[in-house]
Amino acid sequence: PQIPGLTTPGGLTVQWRASGRFAPGQAQPGMRVPVWTGVVQGPWLQESLDLDLLIDLRMLRLPGNAPLSFESYFEIEVLP
1 PQIPGLTTPG
11 GLTVQWRASG
21 RFAPGQAQPG
31 MRVPVWTGVV
41 QGPWLQESLD
51 LDLLIDLRML
61 RLPGNAPLSF
71 ESYFEIEVLP
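The sequence shown begins at 1 in this note's numbering and counts up one residue at a time.
No lab work stands behind these hints: they were computed from the structure.
Hints are not guaranteed to be accurate.
Said to hold, decoys possible - Simulated restraints on C-beta separations: (1) L57 to Q2: 12 to 20 Å; (2) R21 to N65: 38 to 46 Å; (3) L62 to W36: 32 to 40 Å; (4) V35 to L62: 23 to 31 Å; (5) G38 to L68: 20 to 28 Å; (6) A23 to W44: 35 to 43 Å; (7) S19 to L54: 17 to 25 Å; (8) G64 to W36: 35 to 43 Å.
From a predicted model like this one, the values you see are computed outputs, not experimental measurements.
Beta carbons: idealized from backbone N, C-alpha and C, even for Gly.
All chains should be built: construct the whole structure from the sequences, respecting the hints.
Quick look at the structure:
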């Protein structure tokens, strides 16, 4: 995954805190970090995360007035 304007993955760190079952942690672009291990007991699992973005501006080269943007995603591994 590449973030336009970021010269190296070390220029952005995302840190999170959870309010329930998820574990706190941090990651940089391209990393995969587990936030929870367990069995979902019902049809729904509701959780929230507080995110902090730490950006090293020395490693950011945005063209013109372009905004910094990136897309995060979460994966769920389904076991038999």
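Each hint, compared with the structure:
no.: 1; hint: L57 to Q2: 12 to 20 Å; result: 18 Å, holds
no.: 2; hint: R21 to N65: 38 to 46 Å; result: 41 Å, holds
no.: 3; hint: L62 to W36: 32 to 40 Å; result: 33 Å, holds
no.: 4; hint: V35 to L62: 23 to 31 Å; result: 29 Å, holds
no.: 5; hint: G38 to L68: 20 to 28 Å; result: 34 Å, violated
no.: 6; hint: A23 to W44: 35 to 43 Å; result: 20 Å, violated
no.: 7; hint: S19 to L54: 17 to 25 Å; result: 21 Å, holds
no.: 8; hint: G64 to W36: 35 to 43 Å; result: 40 Å, holds
When held up to the earlier numbered hints, the structure conflicts with 5, 6 and fits the remainder.
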